[in-house]
Amino acid sequence: MIKAILIFNNHGKPRLSKFYEHYTEDTEQQIIRETFHLVSKRDDNVCNFLEGGMLIGGSDNKLIYRHYATLYFVFCVDSSESELGILDLIQVFVETLDKCFENVCELDLIFHMDKVHNILSEMVMGGMVLETNMNEIITQVDAQNKMEKSEAGIAGAPARAVSAVKNMNLPEIPRNINIGDISIKVPNLPSFK
Amino acid sequence: MSFLDAGIEFAFSFDQLYDRLQSMPAPIRLRELIRTIRTARTQAEEREMIQKECAAIRSSFREEDHTYRCRNVAKLLYMHMLGYPAHFGQLECLKLIASQKFTDKRIGYLGAMLLLDERQDVHLLMTNCIKNDLNHSTQYVQGLALCTLGCMGSAEMCRDLAGEVEKLLKTSNSYLRKKAALCAVHVIRKVPELMEMFLPATKNLLSEKNHGVLHTSVVLLTEMCERSPDMLAHFRKNEKLVPQLVRILKNLIMSGYSPEHDVSGISDPFLQVRILRLLRILGRNDDDSSEAMNDILAQVATNTETSKNVGNAILYETVLTIMDIKSESGLRVLAINILGRFLLNNDKNIRYVALTSLLKTVQTDHNAVQRHRSTIVDCLKDLDVSIKRRAMELSFALVNGNNIRGMMKELLHFLDSCDPEFKADCASGIFLAAEKYAPSKRWHIDTIMRVLTTAGSYVRDDCVPNLIQLITNSVEIHSYTVQRLYKALLDDISQQPLVQVSSWCIGEYGDLLVSGQCEEEEPIQVTEDEVLDVLEGLLASNLSSPVTRGYALTAVMKLSTRFSSVNRIKKVVSVYGSSIDVELQQRAVEYNALFKKYDHMRSALLERMPIMEKTATNGPTEMVQTNGEAEPSGLESKHPPSITQPASQANDLLDLLGGNDVAPVIQTTPAAKPASAGGELLDLLGDLSLSGDPAPQVPVSQPSFLLDGVSSQPLFNDVAAGIPPMTAYNKNGLKIEFTFERSNTNPNIAIITIHASNHTETEMTNFVFQAAVPKTFQLQLLSPSSNVIPALNQGAVTQVIKILNPQKHQLRMRIKLTYTHKGSPLQDLAEVNSFPPQSWQ
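Here the protein sequences come in this chain order: F and A. According to my numbering, the first sequence is numbered sequentially starting from 1. According to my numbering, the second sequence is numbered sequentially starting from 194.
Among the hints, a few may not be true.
Calculated cross-link-like contacts (lysine-lysine; reagent style DSS-like; alpha-carbon spacing at most 27 Å) [as the list claims (entries may be wrong)]:
{"hint": "1", "chain 1": "A", "residue 1": "288", "chain 2": "F", "residue 2": "41"}
{"hint": "2", "chain 1": "F", "residue 1": "146", "chain 2": "A", "residue 2": "288"}
{"hint": "3", "chain 1": "A", "residue 1": "324", "chain 2": "F", "residue 2": "146"}
{"hint": "4", "chain 1": "F", "residue 1": "99", "chain 2": "F", "residue 2": "18"}
{"hint": "5", "chain 1": "A", "residue 1": "294", "chain 2": "F", "residue 2": "146"}
{"hint": "6", "chain 1": "F", "residue 1": "18", "chain 2": "A", "residue 2": "324"}
{"hint": "7", "chain 1": "F", "residue 1": "99", "chain 2": "A", "residue 2": "402"}
{"hint": "8", "chain 1": "A", "residue 1": "288", "chain 2": "F", "residue 2": "149"}
{"hint": "9", "chain 1": "A", "residue 1": "501", "chain 2": "F", "residue 2": "99"}
{"hint": "10", "chain 1": "A", "residue 1": "294", "chain 2": "F", "residue 2": "18"}
{"hint": "11", "chain 1": "F", "residue 1": "149", "chain 2": "A", "residue 2": "324"}
{"hint": "12", "chain 1": "A", "residue 1": "553", "chain 2": "A", "residue 2": "634"}
{"hint": "13", "chain 1": "A", "residue 1": "433", "chain 2": "A", "residue 2": "519"}
{"hint": "14", "chain 1": "A", "residue 1": "294", "chain 2": "F", "residue 2": "149"}
{"hint": "15", "chain 1": "A", "residue 1": "383", "chain 2": "F", "residue 2": "18"}
{"hint": "16", "chain 1": "A", "residue 1": "433", "chain 2": "A", "residue 2": "402"}
{"hint": "17", "chain 1": "F", "residue 1": "18", "chain 2": "A", "residue 2": "245"}
{"hint": "18", "chain 1": "A", "residue 1": "443", "chain 2": "A", "residue 2": "402"}
{"hint": "19", "chain 1": "A", "residue 1": "616", "chain 2": "F", "residue 2": "41"}
Chain F stretches covered by chain A per the calculated footprint, using a threshold of three residues with CB under 8 Å from any CB of chain A [claimed, not checked]:
{"hint": "20", "region": "14–27"}
{"hint": "21", "region": "88–98"}
{"hint": "22", "region": "111–120"}
{"hint": "23", "region": "130–136"}
{"hint": "24", "region": "139–147"}
It should be emphasised that the hints constitute simulated quantities derived from the structure, not laboratory data. Glycine included, each C-beta is placed from N, C-alpha and C at the ideal position.
Bound conformation, chain F alone (with noise of 0.2 Å):
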C-alpha cells in the first residue's frame, strides 16, 4: 500500500502531500520534514530507494522517490508494492502532468494544486493503484474540468458578476491610453444621398 504521496521542492517546500493514513497535522509536516532531509541529502547517482524514516511507520516502509529538476516525487509505501513498478508509476505520474499542464514546471503545481490533486485521485485511490494508462487518465480528468467549466458558465454568472463589481478597482483601467502618433481616420464613409 501507497502510506503517502509527497511533492516537495529542493529547498523542502512542500507542493503537494496526500496521506492515505490518518496523521495528525503537526506530525504530517514533520513526515514532510523528515523525508526532505532524508532524500536532499542523496546524490542524483545513488538508487531510488530509502529505508523508511522514523514516523511513517519504521523499517517496513521504504522512500521511492525521483528527483526532476526542482522538484522531488516521493512515494512512502510498504512492502506490498513493487519498488521498480513505483518507480514507473511515479514516471506516468510526471508524465501525465506534463500533458495537462503542457511542459509541467513547479509553478504549475504551486497555483493548480486542486488539479495536480484531481489527476492523482484518478491514478492512485485509497493508496492503491487506479489506473496507470495515461490518456484515460487525461480523459477523465478533462471531462470532470469540462463539467466544472459549464456550471461556472451558467451557476457562476450571478457570483462572477458580483464580484466583478466588487473588484472594479478603478486604478488598474489604464488612464493614459497612449495612442502615440497613430492618428485615428475616420474612414470615408459613403455619403448619404
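Keeping the supplied structure of chain F fixed, place chain A upon it in accordance with the hints.
For chain A alone, kept in the frame of chain F given last:
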C-alpha cells in the same frame, strides 16, 4: 396586505445583502493568495499573511457565505499543505459536498480527504452525503464519492455503505467498477467480516477487458486471499483463479504492441506485476497451483525485455514469485541467476532490489546465493548507503564456518571505513558471527579486539562482560591477550569498552604481563611501575567514563596481590577515598579498609577469577553465586555486625539496591531462565559488577546496616534439630512448605528447603520462586530442582534458601511466585512471618 408584507421583506433582505457587500469585500482569489504568500520574504511574514487570511476566511464561514465557500476551502487546502492549521474548515467541506454543484462537490470531497480526522460526528454527517452521491446520476459524482470513501471511510461508514459499493462493483461502467473494486478493498481492510459480501461480485471481474478494472480486481482478489485462508482455498479450487490469471498474463506478453497500454515497449507492466504478486500468494505452499504456473513464469522470465526499468520490474517480481512458490528446481536456478545478473547491472536500483531479494532467499537457497558472494561483498564498497546496508545484511547472512576468516576480513575492513550509522549494526553482526563460527579462541579474541579498537564507542554495553568471559575461559592465551590489550591501551585510551576490558585483564593477569612470557609474539617488557602508570593515567584521564574509572581502580587494587609495589597502590587507593564520584569513592574506601583492617584476607579476596560457565546472557548471575559461595566466611567477617554505625553510611548501597522500599529480591532459576529476569538482576548489581568484578563488594551479598525496627531477643537457646516445618503459602492449588535446618558450622545460617507442590489437575510451568528478607539478613537462593510442578501432587519442586542471620532477628520473608497455569501466567506475592522461633533464635 400580504403584498405589502412581501414588499417590505424584499426590501429588508436587499438591505442586508447591501450591508454585507459594504462590510465585507469579496475574498481574494486562491491565485492571488498564492501570489501574495510567495512575496513573503521571511517565515514570520508568511505566517502573518496567512493568519490574516485565515481570519477573513473564518468570518466568511461564520456569515454562511455560499458564494465563496468553495474558494475559501480551496485556499484553506493550500495553507494546509504549507503546514498551517486548517481543521476549522472541516464542516465547510461537508457543506460543499452537500451542494448540488459539481465544482463544490469536487473541492468538498478533496477537502474531506485532506482535512477530516477521525472525528465521529463529522463522519456521521458524511455518510448520508456519500450515500446519496453513490446513487447519483453522474458517474463523476459517484466516482468522487467512491474515491473519498475508499480513502478515509471509517469502519462505521464502511458498514453502512458496503451495499452501495457492492452494487457499483457489478455495474458495466468500467470507470465506476474499478473505483468500486478499490473501495471494496478499503471496506475489507476496515471491516474484514464484510468480505463475504463481495464474493459473488468477484465472479466476473477477471473476464473484463478494461485494464483498469482488471488491475483493481487483481488488487481486490489479492486482499481477499491474503486476509482469509478460506477465501484463498476457494479461489484456488472453486474459481480456478490460477488458469485465469495465467491466461491474462499470457495475453499480455503475447499480444504485441498495443498503444493504449504500452509503457516503454512492454504491455501494461503494472498489471503484469500485480498478477505475478497474486500468483505468488496462490502458489505458496500449494503444489497444484505452483505446477499450473511454472510454464508461464519460465516464459516471462525468458521473454521479458530488460533494457528498461519496466522490464526489470517484471523480471524482479517473477523472480520473487518463483522463489516463493513450490517451483521446479530448474526455475529456481534461473531465478537466482537473474538476480546474479541484476547484481552486475549498472542501474543502482536494480542492484538494490537484487540484494533485497537475495536476502529474502538466502534462507531457502543458501548455496545458490553463496555463489554470488564476491559480488555481494563488492557492493559493500558502493557509495550508496541503501545498497551498502543491504549488502552488509546479506554478507552477514552468508557467513558460515568455511568462509568466516575471509568474510570477517572484508567486514572488519568495512567497519573501519563505513559511516557511523552502520557501525553499531556492523559491530554486533560481527560479534554474533564470530561467536557462532569462530575457528579458534585466539581468532575470536583478536576479532573482538579489532572491533573494539575500530568502533569501540558504537558497540553495545554487553560486549564488555562477554569479551571478559571469553578471555577468562581461554586460559592458554591469557598472557597473549593481556599483552595485546596492554599494547592497545598504550595506543588509544578513548575507546571506553576496550579500556574497560583492558583494565580488567591487566588487573587479573598483571603478573603475566610483567613476567613477559608470551610464546607467540615477541613479548613486550614492562615494569610494574609502567603498568601502574597506565592505570593511574586512566583514573585521571578526562576521556575515562566513571565506569571505566571503576574498572581501573579495581584493577589497581587487584595488582596489590600480584605486584610488589603495594605501597604505591595503597597511596592511589587512598587518594580516591575522597573522590567526588560516589561510586569510585566507595570502592576506594572499601579497598582502603581491606588494606587496613582485613589485610590478612586480602590475597584470598583478590584471587584470580575462576573460569566462568558459558551462559550467554547470565554471566553476572553466575558470578554472584560463585563469589558468595567461595567466600562466605570472608564476607561475614569483612563487615562485622556494625549495628552501631549510622544508617546513613549505607545509603549508597541502598541506592544500588533500589531504595528503601524495595527489598532485594534475589533469585536463582534453572539455566533456561527468561532473559528479563537476568535484566532485573543486572539492575540490582549496577553497572560495575557487570564485568564479573571479583572485588569484594558484591552488592548482593552485602550486609546492610539498616535495622528493621524489630529488636533482637538475645536468647541463647541451643540450636536444636527437629524444627517443625511450616506452610508458607497455600493458594490456587499451589502449596509451599518450608523445612528448616541449622548449619552445623555456623549457627547464624538457617537453611530452608522449600517444597512446592501442586494439587490441581494441570501442571504449573515456568515456576519461579523469589524471596526477599529485611536488610538485616542475607539471603541466598540456590537453583530449584525444576521449574515445572507436576499436577495432582505427583512430585514437588524443591529449592534451598540459605539465610545468614547474624543478629538473630525474628525471621520475616516476602515471597514472590510466578508461574504459568492452564496457559495463563500468574503472579502472587505473600508475606511469611510465622517462622518457628527455633529457625532464627
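Here is what the structure says about each hint:
1. In summary, the hint linking residue 288/A to residue 41/F is not supported, as the alpha carbons are separated by about 43 Å, beyond the 27 Å threshold.
2. Proposed proximity of residue 146/F and residue 288/A is supported: the alpha carbons are some 23 Å apart, at most 27 Å.
3. Between residue 324/A and residue 146/F the CA atoms are separated by roughly 25 Å; this keeps the pair inside 27 Å, and the hint holds.
4. With a C-alpha separation of about 21 Å, the suggested pair residue 99/F and residue 18/F falls inside the 27 Å cut-off, and the hint holds.
5. Note on residue 294/A and residue 146/F: the hinted pairing holds, with a Cα-Cα distance of about 13 Å set against a maximum of 27 Å.
6. The straight-line distance between the Cα atoms of residue 18/F and residue 324/A is roughly 24 Å, inside the 27 Å bound, and the hint therefore holds.
7. The suggested pairing of residue 99/F with residue 402/A holds, with an alpha-carbon distance near 26 Å, which does not exceed 27 Å.
8. Restraint check for residue 288/A and residue 149/F: satisfied, since their Cα atoms lie roughly 21 Å apart, inside the 27 Å limit.
9. Restraint check: the Cα-Cα separation between residue 501/A and residue 99/F comes to about 22 Å, which is no more than 27 Å; the hinted pair holds.
10. Distance check on the hinted pair: residue 294/A and residue 18/F sit about 24 Å apart at the alpha-carbon level, within 27 Å; holds.
11. This hinted pair checks out: residue 149/F and residue 324/A have alpha carbons roughly 26 Å apart, not beyond 27 Å.
12. Taking the CA atoms of residue 553/A and residue 634/A, the gap is about 32 Å. The hint is violated against a cut of 27 Å.
13. Distance check on the hinted pair: residue 433/A and residue 519/A sit about 18 Å apart at the alpha-carbon level, within 27 Å; holds.
14. Taking the CA atoms of residue 294/A and residue 149/F, the gap is near 11 Å; set against the 27 Å cutoff, the hint holds.
15. Between residue 383/A and residue 18/F the alpha-carbon distance is near 20 Å, which keeps this suggested pair within the 27 Å criterion.
16. For the suggested pair residue 433/A and residue 402/A, the alpha carbons sit about 19 Å apart, so the restraint of at most 27 Å is met.
17. Using a Cα cut-off of 27 Å, the hinted pair residue 18/F and residue 245/A holds, with the two alpha carbons roughly 26 Å apart.
18. At most 27 Å may separate the alpha-carbon atoms for a hinted pair to count; residue 443/A and residue 402/A meet this at roughly 14 Å.
19. At most 27 Å may separate the alpha-carbon atoms for a hinted pair to count; residue 616/A and residue 41/F meet this at roughly 20 Å.
20. For the region 14–27 of chain F, the stated coverage by chain A holds: 9 residues have a C-beta nearer than 8 Å to a C-beta of that chain, and at least 3 were required.
21. Requiring three or more residues with a Cβ within less than 8 Å of a Cβ of chain A, the coverage given for the region 88–98 of chain F holds, as 3 such residues are present.
22. With a cut-off of 8 Å between beta carbons, the region 111–120 of chain F has 5 residues touching chain A; three or more are needed, and the interface restraint holds.
23. Only residues whose C-beta sits within less than 8 Å of a C-beta in chain A count toward coverage, and the region 130–136 of chain F has 6 of them, enough to reach three; the restraint holds.
24. Requiring three or more residues with a Cβ within less than 8 Å of a Cβ of chain A, the coverage given for the region 139–147 of chain F holds, as 4 such residues are present.
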